[in-house]
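Undergrad: Combine the two chains into a complex, taking the hints into account.
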Amino acid sequence: MNIVRILFSFIVFPGFIFSAVIGLFLTWIDRKVTARIHWRVGPPWFQPYADFLKLLLKETIIPEGSSKVLFFLGPLLGVVSMSILAVMLFSMNFNPASSYVGDLIVIIYLLALAPIGIIIGGSASKNPLASVGASREMTQYFAYELPFLFALAIVILKAGGNIKFGEIILAQEATGPFLYSLSGVIAAVVILLSTQAKLSFVPFDIPEAEQEIMAGPYIEYSGVALAMYKVTRAMMFFTLPLFLISLVWGGFANWWAILKFLLIIVLIILIKNTNPRLRIDQALKFFWIGIGILSILGLVLAFYGL
Amino acid sequence: MGNAKLWGLKKSPWVFHVAAAPCNNCDIEILDILTPRWDVERFGIVLVGSPRHADALLVTGVLNRKNLPRVLEVYRQTPKPCLVIAIGACACHPNIFQPSYNVIGPYDKYIPVDVYIPGCPPKPEAIILGVVKALQRL
Ligand code: SF4
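If you read the sequences in order, they're chains A and B.
Note that my numbering gives residue 20 to position 20 of the first sequence, counting from 1, and the numbers run on in steps of one.
Note that my numbering gives residue 96 to position 96 of the second sequence, counting from 1, and the numbers run on in steps of one.
Isolated chain B (complex conformation) (with noise of 0.2 Å):
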């Protein structure tokens, strides 16, 4: 049972995006590893529209005040087991929005991350590279 459950997990992961405040840089990026250049369908990857449907989220961006409560919402609403992948500098660190009064900080104090994936933004490869990762990390 448990080995049925990890193989359709690894073989399709249907990710959800979760845009919390990002330059909107990251987003591009991912929205390119959907195109047919990439083509993220080959390994069952499929962009959906619907927390619920979602086995990882996609979360890029910065984590502030604003939107804190949004992210876990949508947490909270994806069903479980469900990965969390932070795409790009600004989700693994707040680096230089660190001063700010509204950021509060990384987004592992709130929400388990399974993998960090740096670059500002992150070339596609990187991206589907994390993804492996997280998926081996099962």
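The following block holds chain A by itself, in its conformation from the complex (with noise of 0.2 Å):
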């Protein structure tokens, strides 16, 4: 019965197709909100259904001389690790008493398990262009994780040096939202703009550029190795911004949630759309020297009370 429940929970809901095809659905609204900024009608609802359906029945090309199993584990990573993520967030977020400690630290891994999978798979499918967006990708993740864990390290100090992630859910509700003290605010920013960097939106899509190096690891995918890229992409984009709510917005076991949810989509969205891409060098200063610092601020602030 608990192996059902729990398979349950990973498969079905709040697991992989729950968090797929609300996934799904946000990035109807993604390419929605774009054509619109474009001043263009955009796709229907059901295009990334279409699109995702498409390649699933497609036939999958292995390229010559590509490691085969690594080029297939490589997606697989992706999908993986984002389905637990969603089930942790869920049960975390409804339920905080089911926390451990350390929890967070294992969140961190399953969201460095994504990138890792676009850089298994870049590597191992034998093409110039997909290597160099491997090496963009593994670049641009060392820049982003030093703010985003310093940002983690101010939620931390202001849950009292909690490392357990429902305790963090437990300390907004008794003081409120970390959100709204300066230090919350900053970690909010940090972490909103690793986000951006972690889905690999414009102004950070340096990896995949699509007029430089094509579609930079991706290039050498097709069929379902592809739709599994897409479908990881999709569920990022539903679990990152929860995992923001949860951790400076006060949880989303509420339905205010909602709300909150979407004003973040739309800013990411909106980020995305009226910036230039960067350089992969600029992209490390502007994570490290720039955002370093200000996260670095936030944390003596933190420790401060402020």
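Since the hints were derived computationally from the structure, they do not count as laboratory data.
Cβ atoms here follow ideal geometry from the backbone N, Cα and C, with glycine treated the same way.
Partner residues are not named here, just some residues of chain A that face chain B (Cβ under 10 Å, in silico):
id	residue
1	Pro-43
2	Pro-44
3	Phe-52
4	Ile-219
5	Ser-222
TA: Quick look at the structure:
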């Protein structure tokens, strides 16, 4: 019985199927809002599902001379890690008691698995552009991860040095969301920008820069494997804003959370549509110097309880 | 299963642009139909940068000895099922370039072409009509 429940939560709700369906719908919102900003009509609501279905039923080509196991391991890693992340976020928000010591660390590693999957897939596909994309993905990962960890440290400090995810949410219920303080705002901004980079949205779409290196790590992917990458991206678009809400905006176990969620999504889409792409060295400077110093400042402020 | 496949393919044809020695005018018209004015994303058509992602190849230009191996390679790399759409008078027939030593005839000698869109260059409306016809043929 228990096994069935666990499998259900991983595969159907809130794991793979639920977050994939919602995530694909969010990518439609993204495309539609982008189209409206361009003064276009934009695709119909079922567009991402049609894309997904088409990719699932198409031929999958494995490039000659590539490493077959790693070529498929790459996309699989992302899907699995994002499903687990969705399950953890939901169980910890609706049942904070199910939290255990250090689950925040587990989440950090789960978040790291998605870019690692992209790097593995890109390097396994034996294409020069894919290798360039994979190396950029790696550099970008190191760029945004540093301020991201500082921002998490701010949150942990504000929750009284607790690295239990449930405790962070309970602490916000007791004292109000962390967002309503100076260091909380800084943490939110830093996590939002890292989210943008984790999603590889403009201005941080450097790894897959369409005009320079086509699709970067995805260039050799077709059919099911490409569909898995697309769905990983969609699931990240669903789970990362939820992660942001539960860290600094008081969790999402209430109806207000839907509004907060949509606000964050639209903010991300607007940032995406009003910025040019950075170069990889500029992104590194931006995250390590600009945002890095900001997050350290936030850490100091949080230390003094501001 | 077959129906789902067809529906998916019809609703989201991603196109890859194969410029095989055109005068570049047809390519400009192809870019035109992606602009907000014609906005083919309404029909799910997206321009992709890699033939691996493509469902339809838009070929433009005169086929010649130099670019035939390239075109065949791109066709081989595209996952099937895929459509081939020949855009422009050049792609339909070598017409004025016929007597040239380098020109080796129309595309359908070498790869199966699904639809021809004549015009020098064809109007964006004509290209959209051609793509619709190609999708109906499926
Ligand atoms: S059909 Fe006309 S416009 Fe198109 S490539 Fe040929 S010459 Fe240029």
